[in-house]
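There are 4 protein chains.
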Amino acid sequence: MIFASDNWAGAHPAINERLMKESTRFAAAYGTSELDQAIEKKFNKVFEREVAVFFVGTGTAANSLALASVARPGGIAFCHSEAHVIEDECGAPIYFSNASRLMPVAGPNGKMLPKNLKAAIDRFPPGSIHQGQPMLVTMTQATEQGTIYDLDEISAISEIAKGAGVPLHMDGARFANALTALDTTPAEMTWKRGVDILSFGATKNGCWCAEAIVYMDPKMAEDLPFIRKRSAQLFSKTRFMAAQFDAYFQNDLWLELAAHANAMANRLRDGLSASNSARLAWPTQSNELFVVLDKQSAKAARDAGASFYDWPVPHDMQQPVGENEQLIRLVTSFATEESDVDSFLRICGRA
Amino acid sequence: MIFASDNWAGAHPAINERLMKESTRFAAAYGTSELDQAIEKKFNKVFEREVAVFFVGTGTAANSLALASVARPGGIAFCHSEAHVIEDECGAPIYFSNASRLMPVAGPNGKMLPKNLKAAIDRFPPGSIHQGQPMLVTMTQATEQGTIYDLDEISAISEIAKGAGVPLHMDGARFANALTALDTTPAEMTWKRGVDILSFGATKNGCWCAEAIVYMDPKMAEDLPFIRKRSAQLFSKTRFMAAQFDAYFQNDLWLELAAHANAMANRLRDGLSASNSARLAWPTQSNELFVVLDKQSAKAARDAGASFYDWPVPHDMQQPVGENEQLIRLVTSFATEESDVDSFLRICGRA
Amino acid sequence: MIFASDNWAGAHPAINERLMKESTRFAAAYGTSELDQAIEKKFNKVFEREVAVFFVGTGTAANSLALASVARPGGIAFCHSEAHVIEDECGAPIYFSNASRLMPVAGPNGKMLPKNLKAAIDRFPPGSIHQGQPMLVTMTQATEQGTIYDLDEISAISEIAKGAGVPLHMDGARFANALTALDTTPAEMTWKRGVDILSFGATKNGCWCAEAIVYMDPKMAEDLPFIRKRSAQLFSKTRFMAAQFDAYFQNDLWLELAAHANAMANRLRDGLSASNSARLAWPTQSNELFVVLDKQSAKAARDAGASFYDWPVPHDMQQPVGENEQLIRLVTSFATEESDVDSFLRICGRA
Amino acid sequence: MIFASDNWAGAHPAINERLMKESTRFAAAYGTSELDQAIEKKFNKVFEREVAVFFVGTGTAANSLALASVARPGGIAFCHSEAHVIEDECGAPIYFSNASRLMPVAGPNGKMLPKNLKAAIDRFPPGSIHQGQPMLVTMTQATEQGTIYDLDEISAISEIAKGAGVPLHMDGARFANALTALDTTPAEMTWKRGVDILSFGATKNGCWCAEAIVYMDPKMAEDLPFIRKRSAQLFSKTRFMAAQFDAYFQNDLWLELAAHANAMANRLRDGLSASNSARLAWPTQSNELFVVLDKQSAKAARDAGASFYDWPVPHDMQQPVGENEQLIRLVTSFATEESDVDSFLRICGRA
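Listed in order, the protein sequences are those of chains G, F, B and A. Residue numbers in the first sequence follow numbering that gives the first Met the number 0, run continuously in steps of one, and reach 350 at the last position. Residue numbers in the second sequence follow numbering that gives the first Met the number 0, run continuously in steps of one, and reach 350 at the last position. Residue numbers in the third sequence follow numbering that gives the first Met the number 0, run continuously in steps of one, and reach 350 at the last position. Residue numbers in the fourth sequence follow numbering that gives the first Met the number 0, run continuously in steps of one, and reach 350 at the last position.
With the rest of the complex left out, here is chain G (with noise of 0.2 Å):
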């Protein structure tokens, strides 16, 4: 019964197979290989463009080269406040951005509100020399709160970029989630709704160790290798990350693993929604659910052997969470079991 984080999950077999058969042969180093040639193609065909990829080996990684990779004097990106960047990548994505600013945007279940952006963008015109220049939106796909901007919503976000002349990136360390829940394609997600950069994560999606950053516009990524390269995340026998991603994308693997841990999300979603001691702190709709539930079911489940975490009452929270509840997050994977699922609401049920 983890249901802490979807990264404490190990590799799928799949991919695992990929890796073994390509440690036997020798390859070119640094990103070189014909291989690692093959699958940066694949991803135009995903794109359904062509696109510049560049592996790296962490999420962190992804969303600071990318912000590096627009970086302005006195730049300043604009994210929900709640965004990974913001808040849990230790400042990484102002570091590698040559210390640009990370403004917040605040907006419900995670999600910008296009009126707050556009507010905070418009405090910064051109000539706000003391103030500082727009250069990024970014927004996360699905986001920390385990919800989903729709395609509207993400049209809405990246009209307001365009109009303030800046790049809209994507924080998709869990794209696929995302996408499988929207029913909808990678070209359709991004690009044609005006997203220009986006970290891809697989690591939480049953690859060990494949995170790249996708350039709708090839262009866009010139200065990109020496980036990475001076960012310290080219890796020479970076083909095994190529390697996941040739597993990852065959017979869409990637696809069905997220369906399958959105599945087991909605399973517990359901059972929790049916119980008497727990209820949706606000809808989700990916693999993360947020849930206010009776401490002593709570403590049962632990005691039972589940690992979750607490998470912190947002301070807009609808409904207040009373003494003897408290707010957890419930992550699911590639790896959950329904059998966990149902052992976890089973619990709960009783407790």
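It is possible that some hints are incorrect.
Copies of the same chain look alike in the list, so a pair counts if it fits in one copy or across any two.
Said to hold, decoys possible - DSSO-like, lysine-lysine: derived pairs with alpha carbons at most 30 Å apart: (1) Lys-117 to Lys-294; (2) Lys-218 to Lys-117; (3) Lys-114 to Lys-294; (4) Lys-114 to Lys-44; (5) Lys-218 to Lys-161; (6) Lys-40 to Lys-117; (7) Lys-191 to Lys-218.
These are calculated hints, taken from the structure and not from any lab test.
Given the coordinates of chain G, assemble chains F, B and A onto it according to the supplied hints.
Then chains F, B and A, alone, in the frame of chain G:
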């Protein structure tokens, strides 16, 4: 006949097997799992003292974060003029150490000459506000030229560093190869001779991605957890690195693999020395050979599928390279097969 | 009728005279002259203890280098949400402190509320590797809203900083104005209340370019000479700054000038309070006034040559600004003449 | 007999007078006053084209911000191996240009030899991801060795820079001295010969603090306002710098002052050349002289109150420095008096 680089090799089966085993289970992320901690303890045993260990993704990251951890304003790090940190990492060590300066120190065969190092440091006495202040000496073991500092040479370097009040870092991308060649212990080759920080590389020696920064005095590393996260080098499934190190140390696999690579280099050396078509550019002692080969042999070898790099002729090379010759680099690895060495020698002998 | 800012004023005749005298002689450069050292000693007397003093060219430099000197990886500095460091310095404090994060702390009238500061810091307990680590609290005295922390309020802030193990910095761009308004001593307003580092501004109060960073404990400043040079803030003819400070402290000129500026602000305040066309937006105590003025008066004053800035209405302002009103800022200085104040009041009274 | 440095001099009376006049009035801050703008226009006239001008506080700032404005990831700037930017600015140019690398280029008499520059740049062809990419060539005029690039030599350097697709910067800390010595025009010595960015120094030539960055093509400077503010170099009362430049250009004062300094250097040179106790270390052409003096004379001069610096003997110096000799540097300025020169010569002649 792949002699291009040791990072063209894949991964050793024992490493793979251990990774497979790890992939089927859940475990805590970001370096907090029991396995991570157990492997960190294994380093204590390897180094015969309590050390602080941090896994990172690339050798450049290990070097760069080592420098970052000792950064001073106006800081200057001293390295050999051909060192990887100054010549091959696109400025990453400068970047991560808050814009320090890398000062090249000359010396034959890839090794800093102690008197040159001393003179270089002496240019920056305390209070050299306009020039900057020494912050680190960094040496490479084995060097980029395939040579090795013997233990007394390490002591000579460390005494100068100590005298200047700065720590000594060792870039050990090929640590195991040097260790094996010197037939000494990790403790003897590092802290017993005054090394304070070590970039401990395993990727080139049979892992697919396993690098560590080792602090001989854990107190020096107090800020490293933040530096690593801020530098985008804290991997979520870092236990997959730990697993590689687990297999790497098991039954001294790492020493065995390095010994094999060195033996293959020796076999190449002996064969080429006996040949009329080649001579050693300078004496090398690990798994890298620099050879002056007649162009006909070089072409024949490449036509037969051999891969290796041409190398720029150092300006201080003693015996000139003739018109019909070229300087090449040959690198062996854990995966180099004796038959490939012999094929290569046969071609060179024949041409 | 220049009320736009105190940095629109020129320089006081006594400052000029001293500069003239200095200009005719030779002296050692880069802060090593006897005058430089004598003035540094004068600061000891002013602060009643041995302090370390560093002249720099701008208030932004003073603040930024102060932050640089306490930078930690993943470091977080806490400031009021409207502080100059976060809102008006184009990210310089972030830039010079190696990409730290500035965390806004709310509080009425430009002052951090201690409980808000405490809560903000408490979000980052030791070991918050993903979030970062507190490195500094910085307060502004007088504040950007023209208010002043009284001595007990300074103590309350410093106790929280001490409790978190971080130093306390004071942005004293208008230090003299605050000091005079509180009728206290520099020692009392700083180190006796727990301030560790001070940006000591003199430019706004009669100098043309004289700013200093003052460390109450010189040991904290050991790297500052390198930081200052590396930051391009070591002036060759720095003795011309020293000369300004010489005249500034002579016969308490600085206190006299600040008292004058404050008196002019009081005169404005009293006059406007008595008027039907204006009211104070909030109580201010130094040389900055924030006034809600009827638009007719504002226009009449501008038509008559008055200069002042419109000010954005804070979202937490208690009495709303009416449709026929606007919020303006009025700043007085050493150079403000009583007759200008009276002319302005007359116009506002008449309109 | 102050020959230590031209920045030991004070300020010229005409500069002072202009500052006094400026000090009595109010004007807009942060470079927006009419005077600031008028002086910026004056630079257009001086350079015979529309240029972009930015006042900063130090020569190090001018150089560093120039580099910052052309920074690339993994960027490399090429300079003479003895240049101020690499040897005397505590790494500031590296720091402000986002951790670029400064690559020393050798050449006699403080001047980069074109073929050496070409060879240095050629080491970094496009796509040298592991090594970095050229971003700038920077030359010093007059050089640190007191020599001057003639116009054809400037063209030779600029052609190489253009060929590599990188801009050419000139560190003109002693621009006026070089200009006067060459008897040419600012336009001719800069953009007509391919210089793109100029650090225009006036502090050493009679101002007390006046430095400017001049972009020959204003489009290159679009981000400079943000860079300058972010670098803490936007002075509030910047019009006091403008005022200095106003007087500096008035009636060609600047050329007159530089001509005087150069004449004093020539007088020193002629006198010392005729003496038995001294010889020129190498030919110099501006206001810096490098002289091999017998130790007795040096002591006698110092005993008589002369101040000057001993200088390290360059390793490629042609005539060795004898045991009874020492290499010294003598610098003249606008404030050097003929009588001091003659006293110095008398002492040397006598000893």
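When Cα atoms must be at most 30 Å apart, do Lys-114 and Lys-294 count as within-copy, between-copy, both, or neither?
This pair counts as between: shortest inter-copy Cα distance 29 Å, intra-copy 38 Å.
Is it within a copy, between copies, both, or neither that the alpha carbon of Lys-191 lies no farther than 30 Å from that of Lys-218?
Result: close within a single copy only, 17 Å intra versus 33 Å inter.
Could you figure out if Lys-218 and Lys-161 sit no more than 30 Å apart (CA to CA) within one copy, between two copies, both or neither?
Result: close both inside a copy and across copies, 17 Å intra and 23 Å inter.
Please work out whether the CA atoms of Lys-114 and Lys-44 approach to 30 Å or closer within one copy, between two copies, in both situations, or in neither?
neither (35 Å within a copy, 48 Å between copies)
Is it within a copy, between copies, both, or neither that the alpha carbon of Lys-218 lies no farther than 30 Å from that of Lys-117?
both (27 Å within a copy, 29 Å between copies)
Between copies, within a copy, both or neither: which fits Lys-40 and Lys-117 at Cα up to 30 Å?
neither (36 Å within a copy, 37 Å between copies)
Within a copy, between copies, both or neither: which one fits Lys-117 and Lys-294 at a CA-CA cutoff of 30 Å?
between (41 Å within a copy, 28 Å between copies)
Checked against the numbered hints above, the structure violates hints 4 and 6; every other hint is satisfied.
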